[in-house]
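Colleague: Kindly generate the complete structure, drawing on both the sequences and the hints.
Chains as they are written, first to last, in our numbering: chain F, 341 to 452; chain X, 694 to 805.
Hints may be right or wrong, so weigh each one.
[As the list claims (entries may be wrong)] The calculated label-pair distances, taken between Cβ atoms and stated as ranges, are:
1) X:754 x F:343: 19 to 29 Å
2) X:746 x F:403: 35 to 45 Å
3) F:355 x X:769: 42 to 52 Å
4) F:378 x X:788: 22 to 32 Å
5) X:702 x F:423: 40 to 50 Å
6) X:713 x F:407: 36 to 46 Å
[Claimed, not checked] Each computed DSS-like pair below joins lysine-lysine, with the alpha-carbon atoms no more than 25 Å apart:
7) X:751 x X:708
8) X:735 x F:411
9) X:698 x X:750
10) X:792 x X:750
11) X:792 x X:761
12) X:698 x X:792
13) F:411 x X:792
14) X:698 x F:397
15) X:804 x X:735
16) X:735 x X:792
17) F:397 x X:708
18) X:735 x F:349
19) X:761 x X:698
20) X:735 x X:698
21) X:708 x X:804
Bear in mind the hints are in silico, worked out from the structure with no lab data behind them. Idealized CB from N, CA, C, for every residue including glycine.
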Amino acid sequence: NAGVTQTPKFQVLKTGQSMTLQCAQDMNHNSMYWYRQDPGMGLRLIYYSASEGTTDKGEVPNGYNVSRLNKREFSLRLESAAPSQTSVYFCASSYTNRGGYTFGSGTRLTVV
Amino acid sequence: QQQVKQSPQSLIVQKGGISIINCAYENTAFDYFPWYQQFPGKGPALLIAIRPDVSEKKEGRFTISFNKSAKQFSLHIMDSQPGDSATYFCAARMEYGNKLVFGAGTILRVKS
Chain F
341 NAGVTQTPKF
351 QVLKTGQSMT
361 LQCAQDMNHN
371 SMYWYRQDPG
381 MGLRLIYYSA
391 SEGTTDKGEV
401 PNGYNVSRLN
411 KREFSLRLES
421 AAPSQTSVYF
431 CASSYTNRGG
441 YTFGSGTRLT
451 VV
Chain X
694 QQQVKQSPQS
704 LIVQKGGISI
714 INCAYENTAF
724 DYFPWYQQFP
734 GKGPALLIAI
744 RPDVSEKKEG
754 RFTISFNKSA
764 KQFSLHIMDS
774 QPGDSATYFC
784 AARMEYGNKL
794 VFGAGTILRV
804 KS
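Modeller: In structure tokens:
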């Protein structure tokens, strides 16, 4: 009963480096999401995947790409990290068209 | 532009008191309003949720009050306890799809 698992938990990148944040869920959810959390701004949607094989942009997609590898896994890639991407990243999943997201424990990313 | 406006940013309540957090929205296409609780170092967890055809929902010490005409909803925590100290987010879901828009969050501290 792991729920939503995110790796890594912490990461420090230099400006211009790339990395992929991994997310996997074991609840048979159809939909998956990537949010970033910044102080005073709540959680903002980066990308989401309503179902396997589909992805769409959210509110703040610039500088990110995603891959819905299969029903369980949804990864977030930073191609060329910038200091503005310093944030805590959360992956979440849910059943399609039904509320109640389950969130992972987050990845704290610092770009220097 | 914050689609869901949450207040206050922070709140200090004495043990046993009532904590009240307010949210307001403009988009009438929202059809589901959840509240999430987040402890430090953890992902947000669903606390309680309401649909706009209901004016109040209570689960234990937590109550959501919903005013559709005013486009406002609030979370009341009765008999607040130190263990309730956390960050609380209100959210709203668009009528189509399952994307959540979050408020900026309220940091609650319950003093013992």
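Colleague: State for each hint whether it applies.
Modeller: Verification of the hints:
| no. | hint | in the structure |
| --- | --- | --- |
| 1 | X:754 x F:343: 19 to 29 Å | holds, 25 Å |
| 2 | X:746 x F:403: 35 to 45 Å | holds, 40 Å |
| 3 | F:355 x X:769: 42 to 52 Å | holds, 45 Å |
| 4 | F:378 x X:788: 22 to 32 Å | holds, 27 Å |
| 5 | X:702 x F:423: 40 to 50 Å | violated, 24 Å |
| 6 | X:713 x F:407: 36 to 46 Å | holds, 42 Å |
| 7 | X:751 x X:708 | holds, 20 Å |
| 8 | X:735 x F:411 | holds, 24 Å |
| 9 | X:698 x X:750 | holds, 21 Å |
| 10 | X:792 x X:750 | holds, 22 Å |
| 11 | X:792 x X:761 | holds, 20 Å |
| 12 | X:698 x X:792 | holds, 17 Å |
| 13 | F:411 x X:792 | holds, 18 Å |
| 14 | X:698 x F:397 | holds, 22 Å |
| 15 | X:804 x X:735 | holds, 21 Å |
| 16 | X:735 x X:792 | holds, 21 Å |
| 17 | F:397 x X:708 | violated, 43 Å |
| 18 | X:735 x F:349 | holds, 11 Å |
| 19 | X:761 x X:698 | holds, 15 Å |
| 20 | X:735 x X:698 | holds, 23 Å |
| 21 | X:708 x X:804 | holds, 6 Å |
Taken one by one, the earlier hints fail for this structure at numbers 5, 17, listed in ascending order.
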